[in-house]
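**Student:** Listed below are the residues making up each chain.
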Amino acid sequence: NAGVTQTPKFRILKIGQSMTLQCTQDMNHNYMYWYRQDPGMGLKLIYYSVGAGITDKGEVPNGYNVSRSTTEDFPLRLELAAPSQTSVYFCASTQGAGAGNQPQHFGDGTRLSIL
Amino acid sequence: GENVEQHPSTLSVQEGDSAVIKCTYSDSASNYFPWYKQELGKRPQLIIDIRSNVGEKKDQRIAVTLNKTAKHFSLHITETQPEDSAVYFCAASWDDYKLSFGAGTTVTVRA
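Protein chains in written order, with the working numbering: chain B, 1 to 115; chain P, 1 to 111.
In case anyone wonders, no lab produced these hints; they're calculated from the structure. Even glycine gets a Cβ: it sits at the ideal position worked out from N, Cα and C. Treat the hints with care, as some may be off.
Think about it this way: if two alpha-carbon atoms lie no more than 30 Å apart in a straight line, the pair counts; the simulated DSBU-like pairs of lysine-lysine are [claimed, not checked]:
1) P:58 with B:9
2) B:57 with B:9
3) B:9 with P:98
4) P:42 with P:98
5) P:68 with P:57
6) B:57 with B:14
7) P:57 with P:37
8) B:57 with P:22
9) P:98 with P:58
10) P:71 with B:14
11) P:37 with B:57
12) B:57 with P:58
13) P:71 with B:9
14) P:57 with B:44
15) B:44 with P:42
16) B:57 with P:98
17) P:58 with P:68
18) P:42 with P:58
19) P:42 with B:9
20) P:22 with B:14
21) P:22 with P:42
22) P:58 with P:22
23) B:44 with B:14
24) P:42 with B:57
25) P:22 with P:98
26) B:14 with P:42
So these bits of chain B aren't anywhere near chain P, every CB distance computed over 10 Å [claimed, not checked]:
27) 12
28) 19
29) 52
30) 63
31) 64
32) 70
33) 84
34) 94
35) 101
36) 105
37) 113
Take these sequences, add in the hints, and give me the full structure.
**Tutor:** Written as structure tokens, this is what we have:
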């Protein structure tokens, strides 16, 4: 049971490039989340999903897109990378769907630098 | 969404002493309050959580208290050890399974 797996761990992008951050979980969790963590700050919610085919915006969605075609996978896409998107990105999941609030389980993060 | 404020931002304690971190939240509908510990370069990991129908919860050297009337909750670490040095985040639930996080407290335990 690997939990939440994120790839890549590190990436450097040039301004204007695009990329997809991958996230997969093997716990059959319904709810999945993408956060960004800027230095010395807490986690800010970018997007979340309550199940396959359903996604919604969080607090800071601008410049990002997501999809949820399966229960396991929740990729995050940056279309036109900007320096303001330099951050550490965490994916998380929780059971959701009638289970009441349960702990969110986090991946190891993707450290992204945009130059 | 929910607004969570966390204090202090840094905390230095002598090994063996206690550490207390306080958080306030704005949404009276919040009903779930987890605490996460994050070591440098690592993922946040849950250390304890509390639900709105409970006023206090304890797990070995860690305890959390919740005051719903005042909308604040606190983390207490007793008999601190060097391995307790990390960044601690509080969070409060909002709007069906979402969490808002505090800005974090960097705890340093001095040997």
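**Student:** Has the given pair, residue 22 of chain P with residue 42 of chain P, been kept, meaning a C-alpha gap of at most 30 Å?
**Tutor:** holds (23 Å)
**Student:** The output says residue 63 of chain B does not contact chain P. Does that hold with a beta carbon cutoff of 10 Å?
**Tutor:** holds (19 Å)
**Student:** For the pair supplied as a hint, residue 71 of chain P and residue 9 of chain B, confirm whether the alpha-carbon distance does not exceed 30 Å.
**Tutor:** violated (37 Å)
**Student:** Would you check the hint for residue 57 of chain B and residue 98 of chain P, treating anything up to 30 Å between C-alpha atoms as holding?
**Tutor:** The hint holds at about 11 Å.
**Student:** If we take the beta carbon of residue 84 of chain B, is the closest beta carbon in chain P still more than 10 Å away?
**Tutor:** holds (18 Å)
**Student:** Would the hint linking residue 68 of chain P and residue 57 of chain P be met if the CA-CA limit is 30 Å?
**Tutor:** holds (14 Å)
**Student:** Taking the minimum C-beta separation from residue 70 of chain B to chain P, is that value above 10 Å?
**Tutor:** Holds: least Cβ distance 19 Å, greater than 10 Å.
**Student:** Decide if the proposed pair is consistent with the structure: residue 44 of chain B and residue 14 of chain B, CA atoms, cutoff 30 Å inclusive.
**Tutor:** Roughly 23 Å between the alpha carbons, so the hint for residue 44 of chain B and residue 14 of chain B holds.
**Student:** Taking the closest pair, is the beta carbon of residue 105 of chain B still more than 10 Å from chain P?
**Tutor:** violated (8 Å)
**Student:** Between the alpha carbons of residue 9 of chain B and residue 98 of chain P, is the straight-line distance 30 Å or under?
**Tutor:** holds (25 Å)
**Student:** For residue 58 of chain P and residue 9 of chain B, compute the direct alpha-carbon distance and say whether it is at most 30 Å.
**Tutor:** violated (35 Å)
**Student:** Is residue 42 of chain P within 30 Å of residue 98 of chain P, Cα to Cα?
**Tutor:** holds (22 Å)
Hints 1, 10, 12, 13, 20, 34, 35 and 36 from the list above are not met by this structure, while the remaining hints are.
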